[in-house]
Amino acid sequence: MTASLFALIDCDNFFVSCERLFRPALQTQPVVILSSNDGCVVSRSREAKLLGIPMGAPAFKYRQIFKDQGVVQFSANFELYGDISERIIRVLTRITPLTEVYSVDESFLDLSTLTVTDWQTWGRAVRDRVWQEVGVPVSVGIAPSKTLAKLAGERAKKTDALAGVLDLSGPPEQRSPYLQQTPIQDVWGIGRRLAPRLKAEGIYTALDLADLRPRYAQQLMGIHGRQLVAELNGKCCHPLEQVGKVRQTIMHGRMFGEDTNQFFIIEAAIASLTNKAASQLRAEHLLARSAAMYLSTNRNKPGYRRVVQPVNLQVPTADGGQITEQLIAALKPSFNAQCQYHRVNILLHDLLSQDSLQANLFDTTDLEAIQATTARLGAVDALNKRYGRQTVHYAAEDLSNAWQPKRALRSPRYTTNWEELPQVHPLE
Amino acid sequence: MQDDLQPLANSDGVSVHSGFPNPGLARRKQGERLALDLNQLLIKRPSSTYLFRVSGHTWADQGVHDGSVVIVDRAQRLHTNDLVIAWHDGSLVIAKHRQLPPTAEPWGVVTAVIHQYHT
Chain A
0 MTASLFALID
10 CDNFFVSCER
20 LFRPALQTQP
30 VVILSSNDGC
40 VVSRSREAKL
50 LGIPMGAPAF
60 KYRQIFKDQG
70 VVQFSANFEL
80 YGDISERIIR
90 VLTRITPLTE
100 VYSVDESFLD
110 LSTLTVTDWQ
120 TWGRAVRDRV
130 WQEVGVPVSV
140 GIAPSKTLAK
150 LAGERAKKTD
160 ALAGVLDLSG
170 PPEQRSPYLQ
180 QTPIQDVWGI
190 GRRLAPRLKA
200 EGIYTALDLA
210 DLRPRYAQQL
220 MGIHGRQLVA
230 ELNGKCCHPL
240 EQVGKVRQTI
250 MHGRMFGEDT
260 NQFFIIEAAI
270 ASLTNKAASQ
280 LRAEHLLARS
290 AAMYLSTNRN
300 KPGYRRVVQP
310 VNLQVPTADG
320 GQITEQLIAA
330 LKPSFNAQCQ
340 YHRVNILLHD
350 LLSQDSLQAN
360 LFDTTDLEAI
370 QATTARLGAV
380 DALNKRYGRQ
390 TVHYAAEDLS
400 NAWQPKRALR
410 SPRYTTNWEE
420 LPQVHPLE
Chain B
0 MQDDLQPLAN
10 SDGVSVHSGF
20 PNPGLARRKQ
30 GERLALDLNQ
40 LLIKRPSSTY
50 LFRVSGHTWA
60 DQGVHDGSVV
70 IVDRAQRLHT
80 NDLVIAWHDG
90 SLVIAKHRQL
100 PPTAEPWGVV
110 TAVIHQYHT
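Chains as they are written, first to last, in numbering that gives the first Met the number 0: chain A, 0 to 427; chain B, 0 to 118.
Quick caveat, the hints were computed from the structure, so don't treat them as lab data. Take these hints with a grain of salt, some might be off.
Reference excerpt, derived from the structure (chain B facing chain A, CB under 7 angstroms, subset only) [as the list claims (entries may be wrong)]:
no., residue
1, 57
2, 73
3, 86
4, 94
Here the structure is a predicted model, which is why all the values come from computation and not from measurement. Note that CB positions come from ideal geometry on N, CA and C, so glycine has one too.
Assemble the whole structure, with the sequences as input and the hints as a guide.
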């Protein structure tokens, strides 16, 4: 058996880098990307980080700083980011088909089948190649486990001297200084919840964690802890997850354009979000057995209220209409018109694949009805795909846009819309 | 029964009538193309190819007109006679590589120009 080896390819301030690709003048300026509805900072350039603008900062609190420091703001342009992300994945897949797309800006590569002697040089070549071909900077972390590769990528990004590449494929003592530099909360899989508990036990860095006895780690964090210790010591517990595992949840949420107490606006938003989620279910040949709706007022204003409304769908379904109906029926009794609602989220969970339904033959399930619905909705999806989204929609899906996000500062969809191609002027 | 006239929507959003089988569709399912596709001719490397729209008449004698779409491949090897897109003075310009001022930075090589007479 060959030894395990992974690379994490991680884009640097990905959304900002996408914006800079077509706006070279932004290269040295502080740039922030705001979430939909221009609510919070979701990506920051290095310059913006140095100004002390935190991740997730609510834009309204930082307006003055943005103005005084000349921070350039963009609304998230997900079509652009999605297209650039796909390009990077294509480049990586050409290097090795053993690629796991972990998120929009991070991929793991399984390197165990490649024959390379100098991984540092290889890492630099990958970085150069993505920059040359796609035009955005990436960091590369190389190590025998995914947890270590993630840590290496993080160090490579934060330490200027490493120039974006850190190879930890060598002996363990070579890794120790980097493990020591990594605070425990930055270790992949620790997160905010576990970190305080570990610190209370005197575990402050990745190195402290790597040095734990596996049995003690298991007492502290369960089997997950034992695996973490093994991974940090270069033993692979998490292989590449390539073939799509069945999704567990689909979540869609939006802030209202303006806070609202109007039931019909909220209803319209629920219908639209639910239908979006349901068409995603159908695209992945899934059915949902449960749904939930979260409706909340503005957290930053006094009298914060949050309504959580779970719904047990009687029959597994991918029919947005049916789900909407049940969600709205469930919301009615708990709806309070005195509240100004700010945000609604829809969650579909307890998913199963359409095929497994047929194999299981639930006795409560009316297979024929489901198949008829599936066929009808398949036709709806086909029409919407062909003539643009929203060609066919449910009556409740208000298209008045009252609840649609503002996205006032969105850049052109340079790579996905013919009307918005980047412009070039001839050199005079 | 009028079954053979029932339109069926398949996953591509293409309506077909069942009845006489279309061998082309079956073949397309296997990923084989029948008709010529301009992407084949114009785009060698999709992951590194970007499109720009030209604004200005300066290069008309080179076949680059106001409103032309230029196809730019960032992975194309650069030669001095190439037409390129470059960062210059905070914006993107189109120029002959050899004419670029030293401060300009090439962005990608123009591999084709599309000028439409009718849209």
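Do the hints match the structure? See the list:
1. Taking 7 angstroms as the C-beta cut-off, the interface hint given for residue 57 of chain B holds, the closest approach to chain A being about 4 angstroms.
2. Taking 7 angstroms as the C-beta cut-off, the interface hint given for residue 73 of chain B holds, the closest approach to chain A being about 5 angstroms.
3. Given the 7 angstroms rule on beta carbons, the hint for residue 86 of chain B holds: about 4 angstroms separates it from the nearest Cβ of chain A.
4. Interface restraint check: residue 94 of chain B against chain A, minimum CB-CB distance 4 angstroms, threshold 7 angstroms, status holds.
This entry satisfies every hint, going by the numbered hints stated previously.
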